[in-house]
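Colleague: Read off the chains here:
Protein chains: 6
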Amino acid sequence: MCKNRYEVGLDIMNKVVGELGSHTRESLKEIAPEFEEMLVEFPFGDIYSRPGLDLKSREIATVAALTALGNATPQLKVHINGALNVGCTKKEIVEIMMQMGVYAGFPAALNGLTTAREVFNARNL
Amino acid sequence: MCKNRYEVGLDIMNKVVGELGSHTRESLKEIAPEFEEMLVEFPFGDIYSRPGLDLKSREIATVAALTALGNATPQLKVHINGALNVGCTKKEIVEIMMQMGVYAGFPAALNGLTTAREVFNARNL
Amino acid sequence: MCKNRYEVGLDIMNKVVGELGSHTRESLKEIAPEFEEMLVEFPFGDIYSRPGLDLKSREIATVAALTALGNATPQLKVHINGALNVGCTKKEIVEIMMQMGVYAGFPAALNGLTTAREVFNARNL
Amino acid sequence: MCKNRYEVGLDIMNKVVGELGSHTRESLKEIAPEFEEMLVEFPFGDIYSRPGLDLKSREIATVAALTALGNATPQLKVHINGALNVGCTKKEIVEIMMQMGVYAGFPAALNGLTTAREVFNARNL
Amino acid sequence: MCKNRYEVGLDIMNKVVGELGSHTRESLKEIAPEFEEMLVEFPFGDIYSRPGLDLKSREIATVAALTALGNATPQLKVHINGALNVGCTKKEIVEIMMQMGVYAGFPAALNGLTTAREVFNARNL
Amino acid sequence: MCKNRYEVGLDIMNKVVGELGSHTRESLKEIAPEFEEMLVEFPFGDIYSRPGLDLKSREIATVAALTALGNATPQLKVHINGALNVGCTKKEIVEIMMQMGVYAGFPAALNGLTTAREVFNARNL
Numbered sequence: 001m002c003k004n005r006y007e008v009g010l011d012i013m014n015k016v017v018g019e020l021g022s023h024t025r026e027s028l029k030e031i032a033p034e035f036e037e038m039l040v041e042f043p044f045g046d047i048y049s050r051p052g053l054d055l056k057s058r059e060i061a062t063v064a065a066l067t068a069l070g071n072a073t074p075q076l077k078v079h080i081n082g083a084l085n086v087g088c089t090k091k092e093i094v095e096i097m098m099q100m101g102v103y104a105g106f107p108a109a110l111n112g113l114t115t116a117r118e119v120f121n122a123r124n125l
Numbered sequence: 001m002c003k004n005r006y007e008v009g010l011d012i013m014n015k016v017v018g019e020l021g022s023h024t025r026e027s028l029k030e031i032a033p034e035f036e037e038m039l040v041e042f043p044f045g046d047i048y049s050r051p052g053l054d055l056k057s058r059e060i061a062t063v064a065a066l067t068a069l070g071n072a073t074p075q076l077k078v079h080i081n082g083a084l085n086v087g088c089t090k091k092e093i094v095e096i097m098m099q100m101g102v103y104a105g106f107p108a109a110l111n112g113l114t115t116a117r118e119v120f121n122a123r124n125l
Numbered sequence: 001m002c003k004n005r006y007e008v009g010l011d012i013m014n015k016v017v018g019e020l021g022s023h024t025r026e027s028l029k030e031i032a033p034e035f036e037e038m039l040v041e042f043p044f045g046d047i048y049s050r051p052g053l054d055l056k057s058r059e060i061a062t063v064a065a066l067t068a069l070g071n072a073t074p075q076l077k078v079h080i081n082g083a084l085n086v087g088c089t090k091k092e093i094v095e096i097m098m099q100m101g102v103y104a105g106f107p108a109a110l111n112g113l114t115t116a117r118e119v120f121n122a123r124n125l
Numbered sequence: 001m002c003k004n005r006y007e008v009g010l011d012i013m014n015k016v017v018g019e020l021g022s023h024t025r026e027s028l029k030e031i032a033p034e035f036e037e038m039l040v041e042f043p044f045g046d047i048y049s050r051p052g053l054d055l056k057s058r059e060i061a062t063v064a065a066l067t068a069l070g071n072a073t074p075q076l077k078v079h080i081n082g083a084l085n086v087g088c089t090k091k092e093i094v095e096i097m098m099q100m101g102v103y104a105g106f107p108a109a110l111n112g113l114t115t116a117r118e119v120f121n122a123r124n125l
Numbered sequence: 001m002c003k004n005r006y007e008v009g010l011d012i013m014n015k016v017v018g019e020l021g022s023h024t025r026e027s028l029k030e031i032a033p034e035f036e037e038m039l040v041e042f043p044f045g046d047i048y049s050r051p052g053l054d055l056k057s058r059e060i061a062t063v064a065a066l067t068a069l070g071n072a073t074p075q076l077k078v079h080i081n082g083a084l085n086v087g088c089t090k091k092e093i094v095e096i097m098m099q100m101g102v103y104a105g106f107p108a109a110l111n112g113l114t115t116a117r118e119v120f121n122a123r124n125l
Numbered sequence: 001m002c003k004n005r006y007e008v009g010l011d012i013m014n015k016v017v018g019e020l021g022s023h024t025r026e027s028l029k030e031i032a033p034e035f036e037e038m039l040v041e042f043p044f045g046d047i048y049s050r051p052g053l054d055l056k057s058r059e060i061a062t063v064a065a066l067t068a069l070g071n072a073t074p075q076l077k078v079h080i081n082g083a084l085n086v087g088c089t090k091k092e093i094v095e096i097m098m099q100m101g102v103y104a105g106f107p108a109a110l111n112g113l114t115t116a117r118e119v120f121n122a123r124n125l
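Chains as they are written, first to last, in full-length UniProt numbering: chain C, 1 to 125; chain A, 1 to 125; chain G, 1 to 125; chain S, 1 to 125; chain W, 1 to 125; chain B, 1 to 125.
Simulated from the structure, these hints should not be mistaken for laboratory data. Take these hints with a grain of salt, some might be off.
You can't tell identical chains apart in this list, so a pair holds if it fits in one copy or across any two.
As the list claims (entries may be wrong) - Calculated pairs, EDC-like style, for lysine to aspartate or glutamate (alpha carbon to alpha carbon, straight line, at most 16 Å): (1) Lys56 / Glu118; (2) Lys56 / Glu30; (3) Lys15 / Asp54; (4) Lys90 / Glu30.
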């Protein structure tokens, strides 16, 4: 049963954040192995797996929040990739960034767009 | 042309945040009348009016960001209403709040849920 | 096994944040019953139960962080109580608040002290 | 010599934030008397007393920062009063709030204007 | 008329943030061309152009806010340059940074001073 | 007497943050020499020297707060070293980071762990 939280989480984590998520997990295993398990089990196994909100909407929420907070660039990069992986278009991601200019200020929007450009370039979008 | 930014913005603002938006606008007219115009023109006339992201997704992004920031309760209340007005279900809003526990911490999620409950109660949901 | 995460968490949650934690749990059950379970299981069942850091040090960390963030007053109140419950003195809590003036600014320290005074008064300290 | 830091600070603190500063000091004396001394000595005795920036510019900086941070309403209220006390006009304060909409988002600006209106009303401005 | 918001904004943007602003605009044109227009039109065309607060005071407010927020280093660099361009002295900027130690903590002040030193060095100040 | 605040502070600063603190002080002396004095006198001479909270608990509080804020990586690095210098184990620091996942979100915890790993590696821990 408990194992299932990890298994369910890993399936969704791989689907959403793919290879970048694996990097995060590998480096966690070294310094805080139990936190690697928690990262798979709670955010992905418990939350993302829930049926009440589709994965694309979940990634819109996460990209918006991380852009607004402005202090989590590595995770924003992972979730811009995640948003693209679950069906967001490049255009939609740019719109989210612009909109964050309203709610968190122009610097948050500009820095979000800088991160988005890096992700788009890496994927040849 | 310039007039249109206000007109376009007011239509969308009324559609999204309705009566609560009117309260904000009325109280702004007193202390900073030009800012009332800017509030209609930039967030709603320039941003929300753009075709690249549907209104429901825009409200998911805004509710997520304001919950994560945790320092804008009046605006979060307005946009939980806005999310409901453009098609989000109560369930979807609760899911966004829970998910923000992952990205901004449990206090952000709990305070977001408290605000959501107030909005749901006021609308008899 | 999975049940144990909740049971383990509830024991620690009751020990640390007592009656105030029950209030939080009760109001969550209404709006987001699964989040009530997650709140018991992840923060308390998974994290606070770990042997690597004693409960008093954990509450020092939490009170410091919530004071520095400055946007989670209800949770700060809960954890000032929690700190007292697991062995912090009133004096130690005041010292943490003062020290946060260095790392998050005087307003964070002053607002933390205001919240601490409310808790101390309610407990007749 | 050390006494002078308190004396110098108290003179400037009284000049800038006046009666509201006294309230803060009185309530601090109860819970953290040494922090009352530090509040007078460091921010006002050490920083505000320095010749490199005039008091009006200092209050512009403080009002801008507290509006942008958005989690220190009691201190923002004190410093809107302070800004008025050292020569800022009501109009200038409103401009600072509007400008923070650019750098910290519209919610920060709107909440800053709400606090400003309360201060202006209390002073019959 | 609408064109004028861009023209007015571009004049002020060039005056305040000069070459660094051009870099921002050029990179925006690639990923979000309409946001380049909004960046010129709203912050500079609508806000900075207003007569109620002089440009030097506006840059003091912006430098203070970005230093306090601590999550917008590229924009802080642009506006330390902007502050120097509209009449702030090196000394005044250092004073703003030190003062932010009071309102946002010593780390914010120290990181602001690090950014200021980079700007001063690049301008041989 | 006043001299003593600097002397007392320097002793504690050297004990807690050692060589890294010296680097900070040296670079401050260049751009803001009086702020170097204030950094020694207020955080270390006034606050850390106080008897009400032991140095290990103070560093737990500071590491927790800086991890939660997420916008002060250089200072977090200094204080992870500081925590180790005054008796925290590697394990305890990892526990603090994991716990901040609860109060400030998983990105804050992950970025804190990344910084911790850099410090541990540099010390061959």
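Colleague: Which constraints among the numbered hints does this structure fail? Numbers only, ascending.
Modeller: Failing hints, ascending: 1, 2.
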